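Undergrad: Sequence:
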Amino acid sequence: MFVDGDTGYVAGETHGLIAAVEDQSSNKRWYNGSYVTTGATGTAIGTGATNTATIISVQGGTETSYAAGKASAYTGGGYTDWFLPSKEELNKMFENKGTINSTASANGGSNLLTEIYWSSSEYNNIYAWAQTFSGGYQPGQEKDNTSNVRAVRTF
1186 MFVDGDTGYV
1196 AGETHGLIAA
1206 VEDQSSNKRW
1216 YNGSYVTTGA
1226 TGTAIGTGAT
1236 NTATIISVQG
1246 GTETSYAAGK
1256 ASAYTGGGYT
1266 DWFLPSKEEL
1276 NKMFENKGTI
1286 NSTASANGGS
1296 NLLTEIYWSS
1306 SEYNNIYAWA
1316 QTFSGGYQPG
1326 QEKDNTSNVR
1336 AVRTF
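According to my numbering, the residues represented by the sequence shown are 1186 to 1340, in order.
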């Protein structure tokens, strides 16, 4: 749920992020094979969907071969508006991992791993932001490393 101070917060209305009940991948690279600057630099809550669309537009190729494309291709719950979370959206997931895990388990899904997940936020042409789900650290990770992908959508 968004709270006062979050992008997308509207007093008296309920809005937030929904995390997929399962990982879309445990071994996806951020990029599609070449180090380019995509311009997907938004880190705030509310920027993940735009980042994801930007990455796919610039990267091209087989979308499911890289993190943003894999997240966008997810159709869980019959929805087609899933995206790779931004750096701060991913951190919001970390802060709420207990709720995400219990909801996922109750709905036939799987817990978030205590490993690294990709964000859609690019740091530069070689690195993108990621997050460890063991301690919450957000490292810049080389785009050709493989990490986990868990899509989100907004409501």
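By construction, these hints were calculated from the structure, which means they are not laboratory data. Remember, predicted model here, so these are calculated numbers, not experimental data. Do not rely on the hints blindly, as some may be mistaken.
[Said to hold, decoys possible] Under the rule of at most 25 Å between Cα atoms (straight-line distance), these lysine to any residue pairs were calculated in the SDA-like manner:
| hint | residue 1 | residue 2 |
| --- | --- | --- |
| 1 | K1255 | K1282 |
| 2 | K1255 | G1245 |
| 3 | K1282 | S1219 |
| 4 | K1255 | G1294 |
| 5 | K1282 | G1263 |
| 6 | K1255 | R1338 |
| 7 | K1255 | E1280 |
| 8 | K1282 | G1294 |
| 9 | K1282 | Y1220 |
| 10 | K1255 | Y1220 |
| 11 | K1282 | R1214 |
| 12 | K1282 | I1203 |
| 13 | K1282 | I1311 |
| 14 | K1255 | T1299 |
| 15 | K1255 | S1242 |
| 16 | K1282 | T1235 |
| 17 | K1255 | T1265 |
| 18 | K1282 | G1224 |
| 19 | K1255 | L1298 |
| 20 | K1282 | R1338 |
| 21 | K1255 | T1317 |
| 22 | K1282 | G1245 |
| 23 | K1282 | S1242 |
| 24 | K1282 | V1221 |
| 25 | K1282 | S1295 |
| 26 | K1255 | T1226 |
| 27 | K1282 | N1310 |
| 28 | K1255 | N1333 |
| 29 | K1282 | T1222 |
| 30 | K1282 | D1208 |
| 31 | K1282 | P1324 |
| 32 | K1282 | N1330 |
| 33 | K1282 | T1247 |
| 34 | K1255 | V1221 |
| 35 | K1255 | D1208 |
| 36 | K1255 | T1239 |
Undergrad: Hint by hint, say whether it matches the structure.
TA: To see whether the hints hold, each was checked on the structure:
no.	hint	in the structure
1	K1255 x K1282	holds (21 Å)
2	K1255 x G1245	holds (12 Å)
3	K1282 x S1219	violated (32 Å)
4	K1255 x G1294	holds (17 Å)
5	K1282 x G1263	holds (23 Å)
6	K1255 x R1338	holds (14 Å)
7	K1255 x E1280	holds (23 Å)
8	K1282 x G1294	holds (13 Å)
9	K1282 x Y1220	violated (31 Å)
10	K1255 x Y1220	holds (18 Å)
11	K1282 x R1214	holds (23 Å)
12	K1282 x I1203	holds (12 Å)
13	K1282 x I1311	violated (28 Å)
14	K1255 x T1299	holds (20 Å)
15	K1255 x S1242	holds (14 Å)
16	K1282 x T1235	holds (24 Å)
17	K1255 x T1265	holds (12 Å)
18	K1282 x G1224	violated (29 Å)
19	K1255 x L1298	holds (18 Å)
20	K1282 x R1338	holds (16 Å)
21	K1255 x T1317	holds (19 Å)
22	K1282 x G1245	violated (32 Å)
23	K1282 x S1242	violated (30 Å)
24	K1282 x V1221	violated (32 Å)
25	K1282 x S1295	holds (12 Å)
26	K1255 x T1226	holds (19 Å)
27	K1282 x N1310	violated (30 Å)
28	K1255 x N1333	holds (11 Å)
29	K1282 x T1222	violated (31 Å)
30	K1282 x D1208	holds (13 Å)
31	K1282 x P1324	holds (18 Å)
32	K1282 x N1330	holds (23 Å)
33	K1282 x T1247	violated (30 Å)
34	K1255 x V1221	holds (19 Å)
35	K1255 x D1208	holds (10 Å)
36	K1255 x T1239	holds (14 Å)
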